[in-house]
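Novice: One line per chain: the protein sequences are A and B, in this order.
Each residue of the first sequence is one higher than the one before, counting from 1 in the working numbering.
Each residue of the second sequence is one higher than the one before, counting from 1001 in the working numbering.
Simulated from the structure, these hints should not be mistaken for lab results.
Bear in mind that the values here come from a model prediction, so they are computed numbers and not experimental data.
We put the beta carbon where it would ideally sit given N, CA and C, even for glycine.
One or more of the hints may lead you astray.
[Said to hold, decoys possible] Derived CB-CB ranges, DEER-like:
1. A:THR85 x B:GLY1189: 42 to 52 Å
2. B:PRO1373 x A:GLN54: 38 to 48 Å
3. A:GLY346 x B:GLY1136: 24 to 34 Å
4. A:LEU89 x B:GLY1044: 36 to 46 Å
5. A:THR85 x B:THR1217: 19 to 29 Å
6. A:THR294 x B:GLU1086: 29 to 39 Å
7. A:ASP410 x B:GLY1077: 39 to 49 Å
[Claimed, not checked] Pulled from the structure, derived: some chain A residues nowhere near chain B, Cβ distances all over 12 Å:
8. CYS4
9. TYR133
10. ILE156
11. PRO244
12. PRO288
13. ASP448
[Said to hold, decoys possible] Restricting the straight-line Cα-Cα distance to at most 25 Å, the calculated cross-link-like pairs of lysine-lysine (DSS-like) are:
14. A:LYS423 x A:LYS378
15. B:LYS1008 x A:LYS75
16. B:LYS1069 x A:LYS58
Protein chains: 2
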Amino acid sequence: MPKCFRTKLIDLYAGEYAVVLNPADATELGVRQLDRVRVVTDHGAVTAIVETSQSIVKDDQIGILTKMKIDLDLKEGDEVKVLPTEPPLSIEFIKKKMDGRELTTEEITAIISDMAKYNLSDIEITAYVTAVYTKGLTMREMKDACLAMVKTGEVIEIDRKPIFDHHSIGGCPGNKVTLLVVPIAVAAGLTVPKTSSRAISSACGTADIMEAICPVTLSAQQIKSITEEIGGVIVWGGGLHLSPVDDMIIRIEYPLSIDPFSMVVASVMSKKKAVGAEYFVLDIPLGPETKVKTDDMALKYSRAFIDIGTELGIETACAISYGHQPIGRNIGPSLEAKEALEALEGKPSSSSLIEKSLGLAGMLLEMGNVARPGEGIKEARKILEDGRALAKFKQIVEAQGGKANMKSTDITLGEFSKEILAKGHGYVSIIHNKMITKVVRTAGAPKDKGAGMVLFKKLGDRVEKGDPLFKIYADHQGKLENAWKQAEALQPYITKGMILDTITDNTPRLDKVRRF
Amino acid sequence: MPKCFRTKLIDLYAGEYAVVLNPADATELGVRQLDRVRVVTDHGAVTAIVETSQSIVKDDQIGILTKMKIDLDLKEGDEVKVLPTEPPLSIEFIKKKMDGRELTTEEITAIISDMAKYNLSDIEITAYVTAVYTKGLTMREMKDACLAMVKTGEVIEIDRKPIFDHHSIGGCPGNKVTLLVVPIAVAAGLTVPKTSSRAISSACGTADIMEAICPVTLSAQQIKSITEEIGGVIVWGGGLHLSPVDDMIIRIEYPLSIDPFSMVVASVMSKKKAVGAEYFVLDIPLGPETKVKTDDMALKYSRAFIDIGTELGIETACAISYGHQPIGRNIGPSLEAKEALEALEGKPSSSSLIEKSLGLAGMLLEMGNVARPGEGIKEARKILEDGRALAKFKQIVEAQGGKANMKSTDITLGEFSKEILAKGHGYVSIIHNKMITKVVRTAGAPKDKGAGMVLFKKLGDRVEKGDPLFKIYADHQGKLENAWKQAEALQPYITKGMILDTITDNTPRLDKVRRF
Chain A
1 MPKCFRTKLI DLYAGEYAVV LNPADATELG VRQLDRVRVV TDHGAVTAIV ETSQSIVKDD
61 QIGILTKMKI DLDLKEGDEV KVLPTEPPLS IEFIKKKMDG RELTTEEITA IISDMAKYNL
121 SDIEITAYVT AVYTKGLTMR EMKDACLAMV KTGEVIEIDR KPIFDHHSIG GCPGNKVTLL
181 VVPIAVAAGL TVPKTSSRAI SSACGTADIM EAICPVTLSA QQIKSITEEI GGVIVWGGGL
241 HLSPVDDMII RIEYPLSIDP FSMVVASVMS KKKAVGAEYF VLDIPLGPET KVKTDDMALK
301 YSRAFIDIGT ELGIETACAI SYGHQPIGRN IGPSLEAKEA LEALEGKPSS SSLIEKSLGL
361 AGMLLEMGNV ARPGEGIKEA RKILEDGRAL AKFKQIVEAQ GGKANMKSTD ITLGEFSKEI
421 LAKGHGYVSI IHNKMITKVV RTAGAPKDKG AGMVLFKKLG DRVEKGDPLF KIYADHQGKL
481 ENAWKQAEAL QPYITKGMIL DTITDNTPRL DKVRRF
Chain B
1001 MPKCFRTKLI DLYAGEYAVV LNPADATELG VRQLDRVRVV TDHGAVTAIV ETSQSIVKDD
1061 QIGILTKMKI DLDLKEGDEV KVLPTEPPLS IEFIKKKMDG RELTTEEITA IISDMAKYNL
1121 SDIEITAYVT AVYTKGLTMR EMKDACLAMV KTGEVIEIDR KPIFDHHSIG GCPGNKVTLL
1181 VVPIAVAAGL TVPKTSSRAI SSACGTADIM EAICPVTLSA QQIKSITEEI GGVIVWGGGL
1241 HLSPVDDMII RIEYPLSIDP FSMVVASVMS KKKAVGAEYF VLDIPLGPET KVKTDDMALK
1301 YSRAFIDIGT ELGIETACAI SYGHQPIGRN IGPSLEAKEA LEALEGKPSS SSLIEKSLGL
1361 AGMLLEMGNV ARPGEGIKEA RKILEDGRAL AKFKQIVEAQ GGKANMKSTD ITLGEFSKEI
1421 LAKGHGYVSI IHNKMITKVV RTAGAPKDKG AGMVLFKKLG DRVEKGDPLF KIYADHQGKL
1481 ENAWKQAEAL QPYITKGMIL DTITDNTPRL DKVRRF
């Protein structure tokens, strides 16, 4: 028995389709909070989740939240029919994954498709994300999730083929290589419409870094026209609905600061497919504190990306890179932007940044036949050193709406800063990536662009007592103090003497560790 | 740098403290959706989660959702100070549990305490619930969770000691025993302020059943005065804030239809403590489709309840009961209410219902020294058979606001019904509890009081082709059809011939199964 309501628009975002009923109407319909109703309008019907409110809606009024208002093109006071309906079957499949069982292709597809139709609530999506985090996905499930996600998104059709792309699965702080890789590849004649993400669990994503230089929130049309005109962009992909389901998953991952690997494959590949990528180079940082911790895992996941690439018609090559310590010396949006721009300008830079960027760019150049096999790095180095990469980068920045002729000295760092000094001498034997990330996030990154850290010492460097180890930057004094306190507690640096132990009594004490 | 806002009240329930900012204000504060702010008012300060909206709040206005409005006693247009703040540390502990690690007492306490302060969002609480579901809690963690939950709730002080209580951990459909156990125990002179729950994953909870007879949503003051006057009640515990954290957890469990065991111990015991229970009998149904599937598990969890009981000063005894098939013959709120009332009235009833109820009531009578050791059941039977239990039940119903002199014939069943007939002959060898529950829920339970199922055959009964196996009831024709179709597909009954196999060729085919 459907019941008729007049809409009342409520401009509040909810990840799902949600409606607000007053308790009497809810009882009459036989539904309670978090149950489902089917809402039938002149523009179609959707399933929505029920919230109740004593006063926001009157009798026979139904509150419609933003997302649903837009998608159903509803106006204030429109008449809609409402009837109770069952929760989607995909909730059963989410529970099946919670129980650790493998999902069939149909089941995975049903979950993704219900998410795309805004049929699952935050609670249900979180249960899915947490279940995948705790129980994992098999390769087959990942592939199915990826294919299902591609089908739900919008695509950007760029009329300049073939299209190249690059991505790093992250986990290694300071990884601003995209700001070098893209301009080198584009300067060599390749087409690279690079959509990147903001930080989920890291200190900053490529989009956060690029945003310290120029706007990154561009429309699909802008991305298309700039790429067709000058060969590439470096933009934020999150606002483009390339893979709306992935964006929903990322929204859930953000407050939890998680980024489960089995989600990453589908997340990355669905977005690459959406921009029409045909050639793709993936960077997999390998190290004790990155997402990929062992050679075996790196090989396994390379295989997953390559397999799914094949399935999607994307020729994929993976670079397993050194991830035991941050890339370069700067971490945080503005600091990384500055370091990348300095490297493009030919100023003295960190070899880890230069060599990693050239390695990845070289792979793209060879894939695109603009460098002979084995000569990609050489060619990339030439493009970097003769200034073509810098020129192309400036062109990209200006096209995206940034300042013309942007220089590294134009970038503003955090107003407040503090150095941390070594409390003893020795050699740097461990730099904890995760602790560095925590400290930088506490300092305000990725939201505060000026927040970050500069490393003065890297692995193997000699340290004397009182030497500056690193410097924390922040936009706010309070956050600097908090980050500094946290750095004191977390001790991201460990230094050891070259003599690891001295025998002065009968007890050997190997691994005598001195913390910064 | 705090920023001042004027409040705009938004009457919308959110499980957490939530505020709505317009995007410009959010950017100025350096926060984004799902980040935290500290809201400082004249009546105290709380941490709230940020939602953003273009139009619901103007510049310098902050939208305040219901829960927070009440707790901080805010009025429209009040001035509040807002500043960004860090997410609570307990999110780290939730992630630790997601990684399968044991939490310390301090960590569990921090999670429960942040929930009680409305500091965790639905996303974060769901991650906790899902992590506990997938990774479990140790006995120690359960005990800590329980003690922490007791500390966060309100208590009902009843001046009639000692206080007895009873609970079933469920999983066995048709378990309406509380409607017999409580009046028997109270008629024997014991004090039993029974707070019960609504269905989470089952077809109906005791509160749903009792509600088919009389109101169950009573205030703490009403529960206290009725119990003090006549010895007991059977009410819904959910609205009483006895364990608000448990209510939050149940809210998350409801759409997912889960009820993880490690949550059940803390959930049950925290609510028993809140009503001041000193003696407690727990029913643990054991069977392949109940929550407890093996003898070992039953013993392990009995130990957990008894240990935590000792810790809380509640003398606890556990009854491991037969849970291979539904208790009695009726499932669904009205049907179970009717069956229980018939049993109290002395009408012919199912022996499983009578014997189980007398067993549990007998344990309470012996604990309370109103029956000699070993004579509890005998005494309970006397109270049931001589009508004292019925009289006490009627007194309770009337005190709770129900009809005076309520009879089983006064209860209305679902208007629509349909019988399912056996498709072959044999003996009932399996009745799938879970499938029965699914069919009854599809028929509309627990929301539709009249929805349910009556079983004509139980385990071991002889079935001829065409015999009615069970009958489905519903309040709505559509739901009846859906439930009937589901019953056809799920086949909750399995019958076998007494001759399990016949050798007619060379292939023995043991376990030849005939489905209804």
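Novice: For each hint, tell me whether it holds in the structure or not.
Specialist: Against the structure, the hints:
For the pair A:THR85 and B:GLY1189, the beta carbons lie near 49 Å from each other, so the given range of 42 to 52 Å is met. For B:PRO1373 and A:GLN54, the Cβ-Cβ distance of about 53 Å falls outside the hinted range of 38 to 48 Å, so the restraint is violated. Range check, A:GLY346 to B:GLY1136: about 57 Å between beta-carbon atoms, so the 24 to 34 Å window is missed. Between A:LEU89 and B:GLY1044 the C-beta distance comes to about 45 Å, which sits within the given range of 36 to 46 Å.
Separated by about 26 Å at the C-beta atoms, A:THR85 and B:THR1217 satisfy the suggested range of 19 to 29 Å. Distance hint for A:THR294 and B:GLU1086: a CB-CB separation of about 33 Å, consistent with the stated range 29 to 39 Å. In this structure the supplied range 39 to 49 Å holds for A:ASP410 paired with B:GLY1077, their Cβ-Cβ distance being about 44 Å. Remark: the non-interface label on A:CYS4 is consistent with the geometry, its nearest Cβ contact in chain B lying 18 Å away (cut-off 12 Å).
Its closest Cβ contact with chain B, about 6 Å, brings A:TYR133 to no more than 12 Å, contrary to its assignment away from the interface. Chain B leaves A:ILE156 outside its interface by the beta-carbon criterion, the shortest separation being 25 Å against a cut-off of 12 Å. A:PRO244, annotated as away from the interface, keeps every beta carbon of chain B farther than 12 Å; the closest lies near 16 Å. Chain B leaves A:PRO288 outside its interface by the beta-carbon criterion, the shortest separation being 16 Å against a cut-off of 12 Å.
Residue placement check: A:ASP448 does not keep its beta carbon more than 12 Å from all beta carbons of chain B (closest about 6 Å). At most 25 Å may separate the alpha-carbon atoms for a hinted pair to count; A:LYS423 and A:LYS378 exceed this at roughly 42 Å. Of the pairs offered as hints, the one joining B:LYS1008 and A:LYS75 holds, with about 23 Å between alpha carbons and a cut-off of 25 Å not exceeded. About 20 Å separates the Cα atoms of B:LYS1069 and A:LYS58, which keeps this hinted pair within 25 Å; it holds.
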